[in-house]
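Chemist: Sequence:
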Amino acid sequence: MRREGWETSETLLPGERLAGSVTTSYVRPMNKVVVQTTSAYPQPSEGAAARLLDLVHRTGGLTRAEATARLDLPRSTAGEAVAELVELGLIELGPAARQAAGGGAVRGRPSPLLRPDPAGPVVVVGRLDSSEAELSVAGLGGTAGPRRRIPLPSPGSDPRRALSALAARMRQAVEESGRPCAGAAVGLAGMVRATDGLVHSALHLNWTAVPAAEILAAELPEIPRVDVGKDASFAALAEHRRGAGRGARTLLMLACEHIGIGGAVLQQGVSFTGAGNAVEAGHVVVDPAGPRCPCGMRGCLEVSADGRALLGRTPADPGDPAEVKELFRRAAAGEPGAAERIGAAARCLGRALASLANLFDPDRMVLSGVLGEYLRVAPGRIHEELAASVVARAQAPAVVAGTVAGPVLSGAVEHAFGPLLACPRLLAEPA
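Sequential numbering from 15 applies to the sequence shown in the numbering used here.
Mixed in with the good hints, there may be bad ones.
What the hints assert, rightly or not - With beta-carbon atoms standing in for the labels, derived distance ranges:
no., residue 1, residue 2, range
1, Arg343, Arg162, 26 to 34 Å
2, Arg163, Ser191, 12 to 20 Å
3, Arg183, Pro393, 39 to 47 Å
4, Leu85, Gly261, 34 to 42 Å
5, Pro109, Pro88, 23 to 31 Å
6, Ser145, Ala83, 45 to 53 Å
7, Arg263, Thr328, 38 to 46 Å
8, Arg161, His397, 46 to 54 Å
Read the hints as simulated data drawn from the structure, not as lab findings. No residue lacks a Cβ here, since even glycine has one placed at the ideal position from N, Cα and C.
Sequences are here, hints too, so could you generate the full structure?
Modeler: This is the structure:
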């Protein structure tokens, strides 16, 4: 079921399956159907297999007894699900556990370990910025392999050429893994339409109306699904599943690597997208008399508090992230000039959080990258401004720094594996 303005949970997170025969379609941009499968298994067994695969993916591995208990499954149903996933090459049975998860000895017959099959499918993910891309390949369990940084040819002047070069390196990374590929996802800062990966605007790349997902999908026909999404949405997914946002009912995520500030909202783990471009947090106005933003307005959050703003740089010369780290270090050490600059920007961040709290009523706010440094160095300035929100005063949300390393790539892994986790037979069915 799809609710207006919300991404269907089936494409991101495996949900409960309805009883009876179910036909599931997975589509590429422009609504081209890639895979359509009708379940040939009794629904309880298939649902159990999806839930079990998701649990193994989230935990990285656990005993069959632990999985049966956590999923509250009959032993026979759990056994069928395990057999199905082993047959599909998605999990393997490891040696029987001699120790319980809490460290005590196992009583009775030891239970075999369930863990991702090391020869099973991978996803290839990327993060695109103004001059280069970062790539990684990951298997089930969510552990990404080595990250590769690759220069891109003039992404600002020729989007298709840059995306073609990115696709070639993604294909190479998959081939080097020697494993089947379940999907691909690329995150970038900007307005990226969730439904089809159209980059409406990416100011740091000078892109307007670029069908990025469509271009990548055409370059990578051998990959079942290729998505392009907003980097903050992927970061939010990573923090919700594996980091500081775990357990949040309504999670507000703000992220900044250096240039630009992105935002995302997850409700029970499902991304709110509006008509496709929701939560452009970087363009919340925090100072109507402030500097002109490339978007056309004045005093947007990102021209007041991103790394480039802190350094007083221009879009043509954004400066070095290492300089931003040094500025925070000096502010933390009490240097007056640095502390004043960081404090003023932290107040702008707090004002934006107050506005967003009034709109979304989150129970948790996660600040990632540069924004997490504000929370470390000038938390008082943020909380003073946040207290202006009538919603935040009624029920103060927790404001925490992100804990996932490389959250954009980590979240892209979660997103790219979503269809396979929801339908474990996805790669076994003919397209």
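Chemist: Now tell me if each hint is right for this structure.
Modeler: Hints, verified against the model:
1. Separated by about 29 Å at the C-beta atoms, Arg343 and Arg162 satisfy the suggested range of 26 to 34 Å.
2. Between Arg163 and Ser191, the C-beta spacing of about 18 Å keeps the proposed range 12 to 20 Å intact.
3. At roughly 40 Å, the beta carbons of Arg183 and Pro393 sit within the given window of 39 to 47 Å.
4. Checked against the hint of 34 to 42 Å, the pair Leu85 and Gly261 fails, with Cβ atoms roughly 18 Å apart.
5. Checked against the hint of 23 to 31 Å, the pair Pro109 and Pro88 passes, with Cβ atoms roughly 25 Å apart.
6. Distance hint check for Ser145 and Ala83: the Cβ-Cβ separation is about 50 Å, which falls inside the suggested range of 45 to 53 Å.
7. At roughly 41 Å, the beta carbons of Arg263 and Thr328 sit within the given window of 38 to 46 Å.
8. Between Arg161 and His397, the C-beta spacing of about 34 Å breaks the proposed range 46 to 54 Å.
Hint compliance for this structure: hints 4 and 8 are broken, all remaining hints hold.
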